[in-house]
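J.: Sequence:
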Amino acid sequence: MFDEYDDNACRYAGYAKLQTQSQFASDGGLMSYATKDGTFRYLKKFGKYSKDFYRFNGELFFPSLGIGTYKPEPYKEDNYIINFTEAIKTALRNGINLIDTAINYRYQMSEREIAEALSEMFKNGEIKRDEIIIASKAGFIPLDFPFPENPYGWIEETIVGTGLATKEEIVIDQHCMTPSYLRWSCEQSLKNLEIDTIDIFFLHNPETQLGYVDQETFYERIEAAFKLFEELISEKKIGAYGIAAWNGFLYEEEHTEYVSLSKVVEIARKVGGENHGFKYLQSPFNLAKPHSYGYQNQKCDDGLYYPLMHACARYGLTYIGSSPLLQKNLFKRPFAPKVGELMGTSDLTDVASALQFARSAGAISAVFGAVEPAHVIDNTILAYLPDASGQAVEALMKDAYAI
Numbered sequence: 016m017f018d019e020y021d022d023n024a025c026r027y028a029g030y031a032k033l034q035t036q037s038q039f040a041s042d043g044g045l046m047s048y049a050t051k052d053g054t055f056r057y058l059k060k061f062g063k064y065s066k067d068f069y070r071f072n073g074e075l076f077f078p079s080l081g082i083g084t085y086k087p088e089p090y091k092e093d094n095y096i097i098n099f100t101e102a103i104k105t106a107l108r109n110g111i112n113l114i115d116t117a118i119n120y121r122y123q124m125s126e127r128e129i130a131e132a133l134s135e136m137f138k139n140g141e142i143k144r145d146e147i148i149i150a151s152k153a154g155f156i157p158l159d160f161p162f163p164e165n166p167y168g169w170i171e172e173t174i175v176g177t178g179l180a181t182k183e184e185i186v187i188d189q190h191c192m193t194p195s196y197l198r199w200s201c202e203q204s205l206k207n208l209e210i211d212t213i214d215i216f217f218l219h220n221p222e223t224q225l226g227y228v229d230q231e232t233f234y235e236r237i238e239a240a241f242k243l244f245e246e247l248i249s250e251k252k253i254g255a256y257g258i259a260a261w262n263g264f265l266y267e268e269e270h271t272e273y274v275s276l277s278k279v280v281e282i283a284r285k286v287g288g289e290n291h292g293f294k295y296l297q298s299p300f301n302l303a304k305p306h307s308y309g310y311q312n313q314k315c316d317d318g319l320y321y322p323l324m325h326a327c328a329r330y331g332l333t334y335i336g337s338s339p340l341l342q343k344n345l346f347k348r349p350f351a352p353k354v355g356e357l358m359g360t361s362d363l364t365d366v367a368s369a370l371q372f373a374r375s376a377g378a379i380s381a382v383f384g385a386v387e388p389a390h391v392i393d394n395t396i397l398a399y400l401p402d403a404s405g406q407a408v409e410a411l412m413k414d415a416y417a418i
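Numbered according to our numbering, the sequence shown spans residues 16 to 418.
None of these hints come from the bench; they were simulated from the model. Quick caveat: nothing in here was measured; it's all calculated off a predicted structure. Positions of the beta carbon are idealized from the N, C-alpha and C atoms, including for glycine. Check each hint, because a few of them may be wrong.
Computed list of lysine-lysine pairs in DSBU-like fashion (alpha-carbon distance at most 35 Å, straight line) [as the list claims (entries may be wrong)]:
1. 343 with 51
2. 66 with 104
3. 86 with 63
4. 138 with 60
5. 51 with 285
6. 59 with 278
7. 285 with 138
8. 343 with 285
9. 294 with 278
10. 86 with 59
11. 413 with 143
12. 252 with 66
Beta-carbon label-pair distances, calculated as ranges [unchecked claim]:
13. 177 with 101: 29 to 37 Å
14. 401 with 164: 49 to 57 Å
15. 202 with 65: 36 to 44 Å
16. 62 with 101: 21 to 29 Å
17. 399 with 74: 21 to 29 Å
Based on the provided sequences and hints, a complete structural model is requested.
T.: Here's what the structure looks like:
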């Protein structure tokens, strides 16, 4: 995917000459969003890392590992004792400049902790805004922290009572895709994050609505959302948009919650033209859930079916892998030795092997969650290693050594 940057002597040959151009906005200040120049400037701080650690999608330089801020079981009280701030700072100090979050993660607290980390690092000059890629998501009702005594009352007061959506437009009291609600969500995320622009704004698990609305209504809602996202791009509130799904793009075509990538791309072209802002797709990819790479379920414009990663490449979309550790469910028993041998991680942990697999198959980045700074440092050991080969990834998937 990035063959033009595979020259061992200079992975980014030719680009360094352009790096000094356009570093400043027209008003003389630094850019308020991620840029090619900024992300390139950032990666140059980590010259000892493997040439495979950073990837270029034509617009931004991504680390092959990103940091996420999701925690399962949001009702658990200890989710609000923990804090992502130090983990975010550690990631940025160790070469990871992709931060993934969502407004509903921990009732908006994850976004606010990212702001806390960034504010400190901006003030002391450790990082510049144009060097980091910030992705957030909208779709789920976030509620707020502390958890409201009456969550249904919060929805009524904040969403329904303000005209952001009707009760009928909110699915199972948790998911909404009206343009008014999505705009509110974007603007609330900007406040939480204390930034001017979200670089990648994902529509979050839209397949949640399938089974409650029919296919025609579902794609009409996608179209309305994409029209809004194009407006948000023109307002410079977001840089680009995408869809972050769980199983929607991975199911068989006949499944109730199946989402067709070709239909979604067609909608993007309809509302935004050939230069539409739909540029990213995120879905799980890990040793137990490798469907994005190997399951041919997405029909493309040539009439043939491709795995999701390959379909994204055909449509010019950047694929980001989520849940590379399957929320730690991969580690219920030790991996077979063959996993480490194939991944080149025999001397490292099973976590390192799982991350190596997730970042080596074609995703521009694999986003892991970490609260402890020590875990972030442990994971960045992979920055010194080359990717696993395509043959090794194929062999591991074929024989399912870890499953």
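J.: Work down the list of hints and note, for each, if the structure agrees.
T.: Now for the hints, and whether the structure bears them out:
no. : hint                     : verdict
1   : 343 with 51              : 33 Å, holds
2   : 66 with 104              : 23 Å, holds
3   : 86 with 63               : 32 Å, holds
4   : 138 with 60              : 19 Å, holds
5   : 51 with 285              : 27 Å, holds
6   : 59 with 278              : 39 Å, violated
7   : 285 with 138             : 42 Å, violated
8   : 343 with 285             : 40 Å, violated
9   : 294 with 278             : 14 Å, holds
10  : 86 with 59               : 32 Å, holds
11  : 413 with 143             : 43 Å, violated
12  : 252 with 66              : 32 Å, holds
13  : 177 with 101: 29 to 37 Å : 36 Å, holds
14  : 401 with 164: 49 to 57 Å : 53 Å, holds
15  : 202 with 65: 36 to 44 Å  : 39 Å, holds
16  : 62 with 101: 21 to 29 Å  : 25 Å, holds
17  : 399 with 74: 21 to 29 Å  : 26 Å, holds
Hint compliance for this structure: hints 6, 7, 8, 11 are broken, all remaining hints hold.
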